[in-house]
Amino acid sequence: MVGLVQQERDPVLQQSKLARFELLVVPHMRAAYNLARWLTRNDHDAEDVVQEAYLRAYRFFDGFHGGDGRTWLLAIVRNTCYTWLQQNRKPSLELEEDMPDPDSGRSSPEALLLRSVDRDLLRQALDDLPVEFREAIVLRELEGLSYKEIGAIVGIPLGTVMSRLARARSRLEKALVGRARSGGAA
Amino acid sequence: MSCEDARMLLDAYVDGELDLVRSIEIEKHVESCKACARVVGNLRTLGSAMRSSGLYYESPASLGPRLDTALQRTGRSEARPRRFGWQLIAVAASLLLAVYFVARLSPGTLHDTSSNLVAQEVLDSHLRSLMPGHLADVQSTDQHTVKPWFNGKLDYSPPVTDFAEQGFPLAGGRLDSVNGRAVAVLVYQRRQHLINVYVWPAPGVGDAAVSDTGRQGYNITHWTRAGMSWWVASDLNSGELGTFVNLVRAGPASVPAAQ
Numbered sequence: 012m013v014g015l016v017q018q019e020r021d022p023v024l025q026q027s028k029l030a031r032f033e034l035l036v037v038p039h040m041r042a043a044y045n046l047a048r049w050l051t052r053n054d055h056d057a058e059d060v061v062q063e064a065y066l067r068a069y070r071f072f073d074g075f076h077g078g079d080g081r082t083w084l085l086a087i088v089r090n091t092c093y094t095w096l097q098q099n100r101k102p103s104l105e106l107e108e109d110m111p112d113p114d115s116g117r118s119s120p121e122a123l124l125l126r127s128v129d130r131d132l133l134r135q136a137l138d139d140l141p142v143e144f145r146e147a148i149v150l151r152e153l154e155g156l157s158y159k160e161i162g163a164i165v166g167i168p169l170g171t172v173m174s175r176l177a178r179a180r181s182r183l184e185k186a187l188v189g190r191a192r193s194g195g196a197a
Numbered sequence: 239m240s241c242e243d244a245r246m247l248l249d250a251y252v253d254g255e256l257d258l259v260r261s262i263e264i265e266k267h268v269e270s271c272k273a274c275a276r277v278v279g280n281l282r283t284l285g286s287a288m289r290s291s292g293l294y295y296e297s298p299a300s301l302g303p304r305l306d307t308a309l310q311r312t313g314r315s316e317a318r319p320r321r322f323g324w325q326l327i328a329v330a331a332s333l334l335l336a337v338y339f340v341a342r343l344s345p346g347t348l349h350d351t352s353s354n355l356v357a358q359e360v361l362d363s364h365l366r367s368l369m370p371g372h373l374a375d376v377q378s379t380d381q382h383t384v385k386p387w388f389n390g391k392l393d394y395s396p397p398v399t400d401f402a403e404q405g406f407p408l409a410g411g412r413l414d415s416v417n418g419r420a421v422a423v424l425v426y427q428r429r430q431h432l433i434n435v436y437v438w439p440a441p442g443v444g445d446a447a448v449s450d451t452g453r454q455g456y457n458i459t460h461w462t463r464a465g466m467s468w469w470v471a472s473d474l475n476s477g478e479l480g481t482f483v484n485l486v487r488a489g490p491a492s493v494p495a496a497q
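Protein chains in written order, with our numbering: chain A, 12 to 197; chain B, 239 to 497.
Just to be clear, a hint being listed does not mean it is correct.
Taking lysine-lysine pairs in the DSSO-like style, the calculated list, with each CA pair at most 30 angstroms apart, reads [claimed, not checked]:
hint: 1; chain 1: B; residue 1: 391; chain 2: A; residue 2: 159
hint: 2; chain 1: A; residue 1: 159; chain 2: A; residue 2: 185
hint: 3; chain 1: B; residue 1: 391; chain 2: A; residue 2: 185
hint: 4; chain 1: A; residue 1: 28; chain 2: B; residue 2: 266
hint: 5; chain 1: A; residue 1: 159; chain 2: A; residue 2: 28
Please keep in mind that the hints were generated in silico from the structure rather than gathered at the bench.
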């Protein structure tokens with residue numbers, strides 16, 4: 012019993028676990044914070060969530076057998092965010108993947124001009140997206156992850172990654188084009 | 239390929255997620271379909287707008303040290319049975335640690351249990367600082383750079399003096415967490431040896447003479463003076479470290495600056 016306790020508390024073992032953790036997981040703090048900040052939409056909460064996620068990650072670290080530290084960490088950050096959102100916000104409406112978006116469809120797209128894209132507007136439009144769409148966009152466009160990595164983080168099939176991205180972008184596009192037009196007319 | 243089929247795949251096409259055959263099919267379709275070409279153009283515009291609009295939230299500088307502290311704490315109280323509450327286990331772990339170190343300490347140095355725990359924290363922090371990238375948050379040999387760096391990061395202003403002329407050049411400073419509070423750490427160098435100096439206010443605590451202890455091959459020195467608690471940790475031999483401690487105590491650094 013005593014031996015076991017001492018072994019578990021062995022500072023050398025702990026040190027090497029911590030060192031491995033620092034090597035594989037800690038470097039992805041930037042990505043972790045960016046995701047948490049977009050999902051919680053608040054600086055302070057994002058920091059708390061990242062800290063909580065890191066502690067969780069450290070606890071689960073024995074179960075991490077190689078692979079991509081970033082994907083592994085971001086999945087934990089994402090889950091921590093969702094727990095946080097459930098505790099701190101009214102539950103948002105469930106996304107219904109199969110329902111057609113009432114305002115979707117690209118039947119008559121207008122050309123979007125890069126120079127007319129307003130940064131603040133884009134930020135706001137992304138902020139206004141349902142969280143499932145927001146995370147897909149953040150992981151794809153800001154983090155540059157593949158569909159496969161996004162699917163692994165979010166826990167959804169590739170086809171769902173694709174359709175979420177498509178619907179999210181369609182909404183962003185509408186927000187930008189619509190605003191640019193009304194802004195131009197005003 | 240029909241326009242409708244193509245539409246469903248345009249996002250994946252722009253994202254480079256289609257296999258080669260599909261990708262070529264879409265490419266051909268887009269060449270001949272103005273509507274789809276416009277969708278593709280918009281997707282590309284949107285993508286580059288998102289990547290170039292500074293939408294990425296950069297983590298604050300304080301986050302790294304904060305995570306470090308939290309992880310170190312967890313690392314130390316790790317590996318306990320999970321069915322009890324977190325805090326209970328943390329308390330039990332600290333008690334175990336305390337008992338362990340009290341039993342282990344050689345008599346004659348640092349009798350006080352809380353001092354022992356602080357000494358261990360100081361040593362842990364010193365060891366951590368030797369890991370790559372952990373030594374200093376502000377790297378400067380100029381005391382007039384290091385001292386102002388602490389402004390706004392602490393509720394006190396640590397005394398900072400460079401002892402380069404005496405052979406102990408200032409190397410930088412950092413924030414650390416010791417004894418349950420954020421503290422200033424000044425880093426000095428002596429040849430290849432690093433000296434970490436921890437200082438924080440200890441209001442109402444009387445002056446305490448210098449006491450030394452050796453732990454795991456490191457020398458740790460502690461004293462309290464003029465309401466400031468000082469800890470020095472280094473692998474430098476105790477003779478030279480004693481010289482350094484006398485400099486710190488005698489120099490302008492021994493007078494705490496008011497904030």
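Taking the hints in turn, this is what the structure says about them:
Between the alpha carbons of residue 391 of chain B and residue 159 of chain A the distance comes to roughly 42 angstroms, so the proposed pair goes past 30 angstroms and is violated. Pair hint residue 159 of chain A plus residue 185 of chain A holds up; C-alpha atoms about 27 angstroms apart against a cutoff of 30 angstroms. With a CA separation close to 44 angstroms, the supplied pair residue 391 of chain B and residue 185 of chain A exceeds the 30 angstroms bound. For the proposed pair residue 28 of chain A and residue 266 of chain B, the alpha carbon gap of about 53 angstroms is over 30 angstroms, so the pair is violated.
Pair hint residue 159 of chain A plus residue 28 of chain A holds up; C-alpha atoms about 28 angstroms apart against a cutoff of 30 angstroms.
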